[in-house]
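Visitor: Sequence:
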Amino acid sequence: MGLRVGVDIGGTFTDFAVLDPDTGHFEIGKVLSTPADPAEAVIEGLKARMAQSGRAMGEISEVVHATTIATNTVIQRKGPPTALITTKGFRDVILIGRQKRYELYDNMAGRPLPLVPRDFVFEVKERMLFTGEVETALDEADARVVARELTARGVVAVAICFLHSYANPAHERRVAEILSEEAPELMVSVSSEVSPLYREFERTSTTVMNAYVMPGVASYVERLDRQLRKLGAQVPMLIMQSNGGVATADTVKRFPIRIIESGPAAGVLTAARFAPAAGTDNLISFDMGGTTAKLCLVEGGKPLLTSQFEVDMTHLKKGSGLPVSIPAVDLIEIGSGGGSIAKVELGAIAVGPESAGSVPGPTCYGHGGAKPTVTDADLVLGYLNPDYFLGGEMKLDSEAALTAIERDIAVPLGIDAMQAAWGIHEIVTAQMAQAARAVTINSGKDPRLFALVPFGGAGPVHGTRLARMLGCPKVVFPRAAGVESAVGLLMAEISLDLARTQVMNLDGAAIAQINTLYADLEGQARRQLDEAGVLRERQSFSASCDMRFAGQGFEIAVDLPAYPYAPDDLDVLRTAFHAAYAKSYGARTFDPDWTIVAVHWRLRGIAIGGTLTMDELPKEPGGVERARRSQRQVWFPETEGFTLCDVYDRYRLSAGDVFSGPAIVEERESTIVLPPGSETTVDSHGNLVTTLN
1 MGLRVGVDIG
11 GTFTDFAVLD
21 PDTGHFEIGK
31 VLSTPADPAE
41 AVIEGLKARM
51 AQSGRAMGEI
61 SEVVHATTIA
71 TNTVIQRKGP
81 PTALITTKGF
91 RDVILIGRQK
101 RYELYDNMAG
111 RPLPLVPRDF
121 VFEVKERMLF
131 TGEVETALDE
141 ADARVVAREL
151 TARGVVAVAI
161 CFLHSYANPA
171 HERRVAEILS
181 EEAPELMVSV
191 SSEVSPLYRE
201 FERTSTTVMN
211 AYVMPGVASY
221 VERLDRQLRK
231 LGAQVPMLIM
241 QSNGGVATAD
251 TVKRFPIRII
261 ESGPAAGVLT
271 AARFAPAAGT
281 DNLISFDMGG
291 TTAKLCLVEG
301 GKPLLTSQFE
311 VDMTHLKKGS
321 GLPVSIPAVD
331 LIEIGSGGGS
341 IAKVELGAIA
351 VGPESAGSVP
361 GPTCYGHGGA
371 KPTVTDADLV
381 LGYLNPDYFL
391 GGEMKLDSEA
401 ALTAIERDIA
411 VPLGIDAMQA
421 AWGIHEIVTA
431 QMAQAARAVT
441 INSGKDPRLF
451 ALVPFGGAGP
461 VHGTRLARML
471 GCPKVVFPRA
481 AGVESAVGLL
491 MAEISLDLAR
501 TQVMNLDGAA
511 IAQINTLYAD
521 LEGQARRQLD
531 EAGVLRERQS
541 FSASCDMRFA
551 GQGFEIAVDL
561 PAYPYAPDDL
571 DVLRTAFHAA
581 YAKSYGARTF
591 DPDWTIVAVH
601 WRLRGIAIGG
611 TLTMDELPKE
621 PGGVERARRS
631 QRQVWFPETE
641 GFTLCDVYDR
651 YRLSAGDVFS
661 GPAIVEERES
671 TIVLPPGSET
681 TVDSHGNLVT
691 TLN
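48 is the number that full-length UniProt numbering gives to position 48 of the sequence shown; each next residue is one higher, with no gaps.
Careful, some of the hints might be misleading.
[To be verified] Lysine to aspartate or glutamate pairs mimicking EDC-like chemistry, simulated, CA-CA at most 20 Å apart:
| # | residue 1 | residue 2 |
| --- | --- | --- |
| 1 | K125 | E200 |
| 2 | K474 | D446 |
| 3 | K302 | D559 |
| 4 | K100 | E200 |
| 5 | K47 | D20 |
By construction, these hints were calculated from the structure, which means they are not laboratory data.
Put together the whole structure using the sequences plus the hints.
Guide: Okay, structure coming up:
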């Protein structure tokens, strides 16, 4: 095999991991992102990594990429003119949404505006019943009029979402054919392909978002692929999906909605492999970069998945964003990162969500930024080494950082500059703690039973402080923590998730239907995996289903045993649902004799591959003293000021080394801050495992 490359684009930095499968050797690094053209940072950073390792671009056999381009397009509303074609009488589905408000008593509570304005929503005469029967035939002349109107309006992308098309997609497919005849330049998204599930608002929202981001994602993927080939890379290029698997570039161009949470999913995938180091299968993945922070639970050694999430949430509450009905890693993302700008609001310090990003960046970067940020505060507090940022590739300006904090925070509040810097650090950490509680306590989980795994450029700086706020007893700092998401990309497998809505009671008559349904889904999945070049012997499938008791309004996800099923396997399916229900709501909350209704049938197909493992760290004589690099003054609230701390070189630490906080551990892409009262052990794989008293 040639070299395998993982590239993760963030709002401030673009991270790289280059693996030689023959030797297991890694080359890792960071470069500043280029928001105007994200591909520029990818190409320039990759060329630098290859030059550093003395390898040629032609030796690259695989590029696995994570990008925020789809998410940013939605949040920043940078998509092209997009239209929606729907059933006559259902023009306002995406405007009405759901009646329930995320703030019940706030009459002014807003929510994100739809991606398609009302005057770009077009109706066509047709009607399907939920059974799949045709109630009103498709008016093709009506559809052709709409197609010509789209061209006249300058529409670039269009979503087609008809009532009950999950049960019968014939009308949607015919309108797509008409559009290709009348307006072949249009990019078309069909709901029965994007999200063939019932609940019209969520399905429409998902299909509209797929159409909205399709032109930008397709253009970016094609441009990057072309540049990689021009440099001689032996791609295929694979792209991380929201579900933690990867897909081919061609698949992503058709279904860009699948990469809406591309970058965060890669980080969570890596966090799950640190369960042995933490001594528990229950982890909190904490990824803090320059622009955002992402948190996710790992239970039983596996990241939690969800079949529906929201984008562009105005608050950390369900219902405040745009719903997306696709499988994804169940995480929460907030605007708290190293570049988050601090300011004074209503007589108090406020941090984020506005970020300095990579352009102009924090004040201390010296690239024109003038507003104080979290990174500026961390530098002033002594957590960061101004001469060893990115391994010395960037020099930080401590004086400029202090001046900005004093001018914009300390003086307006009448406090000391160091108190202001600590306030910034504490407030941004508290915001991340609030997000962590949203994924733990709000879901009935006790964070004190979880270990924290911090990574990303800023995650290790704030990790132990966040863990203390949550009560987590242990913190695991992975090797290459600063670029852990890029490393995680190399762990991902090609995967796809298919689903179909077919409502049925779990009774004796259902088994034949279930087997037929899964046979159809598997056939569809095999065709897609074949197109991706996955050999049949590497293809593996797993089934799940969203079920509920009769009379309930919503379902829970249930993992199912391998199909096909025999007639007497019905009790096995019921038992699987009862176990999942008891886990969520308690064993005494239902009667086992109640009728069970199965709704959404799901199939995941993956390409089985080898797992990525880190080599073991050898034991070296001399103890931890060999890794002590220097000492410097670092600010801690426990000591009410600056304390002289030992600074360790992470690359000189050895398996079995033990040391106590307060201490600083430096590596090229991140810095670990260990507070007083902590004890850290280096495990056999080079992970730092910190116990907090």
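Visitor: Confirm or reject each hint.
Guide: We went through each hint and held it up to the structure:
1. K125 <-> E200: 17 Å, holds
2. K474 <-> D446: 14 Å, holds
3. K302 <-> D559: The hint holds at about 13 Å.
4. K100 <-> E200: 16 Å, holds
5. K47 <-> D20: 16 Å, holds
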